[in-house]
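Residue numbers (my numbering), protein chains in the order written: chain Z, 1 to 178; chain U, 1001 to 1109.
Rather than coming from a laboratory, the hints here were simulated on the basis of the structure.
Quick caveat: nothing in here was measured; it's all calculated off a predicted structure.
Where is the CB? At the ideal position from N, CA and C, for every residue including glycine.
Hints are not guaranteed to be accurate.
The calculated DSS-like cross-link candidates involving lysine-lysine, where the alpha carbons are at most 30 Å apart (straight line), are [as the list claims (entries may be wrong)]:
1. Z/K161 / U/K1081
2. U/K1077 / Z/K157
3. Z/K98 / U/K1074
4. U/K1082 / Z/K98
5. Z/K43 / Z/K59
6. U/K1082 / Z/K161
7. Z/K98 / U/K1077
Some but not every residue of chain U turned toward chain Z, in silico, with C-beta under 7 Å [as the list claims (entries may be wrong)]:
8. P1004
9. G1007
10. D1049
11. A1071
12. K1082
Far from chain Z, some chain U residues (derived; all Cβ distances over 10 Å) [claimed, not checked]:
13. L1032
14. I1035
15. A1058
16. A1078
17. E1091
18. T1100
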Amino acid sequence: MIIDWQKVSIKKLAAIISGHLKKNGIEAVLVGGACVAIYSDNKYISYDIDLITNSSIKKIIPVLEQLGFKNTQSRLFENPQCRFLIDFVAPPVSIGEKPVSEFNYIKTRFGTICMLTPTDCVKDRMAAYFFWNDLQSLEQAVMVAKRNEINISEIKKWAQKQGEQEKYRIFLKRFKQE
Amino acid sequence: MLEPVLGNSTVEKVLFALEVYGQVYPNGLAKLFGISVNGIQQQLSRLEDGGIVVSLMAGRTRLYQFNPRYAFLKELKALIKKAMQFLPQKEIQKYYRNRTRPRRKGKPL
């Protein structure tokens, strides 16, 4: 397969990387901004492919080198021809203190992407909005919520548990707006 | 105190300071503890790689704080709090009671 690293889309790259890792016995979950980009059909543009795996970086280095990605900093991988950065975020996969055990699998001809569900992706963005008052994260949560099937009652319950009813109300208002 | 678990005393000091002051920066901690900035930075990078702390820029200074999204934060903070109860008073006063309330620019410290 010939890959044009300069023009590759984030979804295609996530699929190529996930597929290649899996072929080499490394299971990884896509989290963060790349999930937002995929679920928002690139309305939000991210240049980070954040992955979580229990495999060691030592094991990952030779595998990603086969695709031209070099380990440039502790958990970062870069390919000089590619604008995307691959970051292996420290495990576990969690939303706050709760482990995530249900994932979404997107099959493509380049590989299968194992990623956060749209509901968890919304929660993940809202967590950043709750903790840092990051309005960009709120906008991303709304983008994902509007374009995907989400479990709104689960999000409401979770937000209440975090003591963030007010910010949840702001999210809901934006979500229901045209 | 927690050195056998954490691996070294610098990271223990960094975690105690984060618990007390909320936000820290490498130069400030180096001055406070009389340790090289490199040593502090190494430990903060290790904690950041592990998802335990996050950093953000304030002007030209990189500030570090606990990552509120870290899955074991509640348990880690409980352990730190417990360990701090065993610190000698002298050490608490020296390192963990620095002024954190505001002071108008120009007033002598």
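Check on U/E1091 being off the interface with chain Z, judged by Cβ distance over 10 Å: 30 Å, holds
Regarding the hint that U/K1082 lies at the interface with chain Z, is the smallest CB-CB distance below 7 Å? For U/K1082, the interface hint is violated, since the closest Cβ of chain Z sits about 18 Å away, which is over 7 Å.
Should the interface hint for U/P1004 be scored as holding, given a Cβ-Cβ cut-off of 7 Å against chain Z? 22 Å, violated
Under the criterion that the straight-line Cα-Cα distance not exceed 30 Å, is the pair Z/K43, Z/K59 satisfied? 34 Å, violated
Do the numbers back the hint for U/G1007, that is, is its least Cβ distance to chain Z under 7 Å? 16 Å, violated
Holds or violated: U/K1082 with Z/K161, Cα cutoff 30 Å? 26 Å, holds
Beyond 10 Å from each Cβ of chain Z, as asserted for U/I1035: Correct as stated: the minimum Cβ-Cβ distance to chain Z is 21 Å, above 10 Å.
Holds or violated: is there a CB of chain Z closer than 7 Å to the CB of U/A1071? 4 Å, holds
Going straight from one Cα to the other, do U/K1082 and Z/K98 come out at no more than 30 Å? 23 Å, holds
Is the shortest C-beta separation between U/D1049 and chain Z less than 7 Å? This hint holds: U/D1049 lies near chain Z, its Cβ roughly 5 Å from the closest one there, short of 7 Å.
Does the alpha-carbon distance linking U/K1077 and Z/K157 stay inside the 30 Å limit? 25 Å, holds
According to the definition I'm using, a residue is off the interface if its beta carbon is farther than 10 Å from all beta carbons of the partner; does U/T1100 meet that for chain Z? 20 Å, holds
Going through the hint list in order, the structure does not satisfy hints 5, 8, 9, 12.
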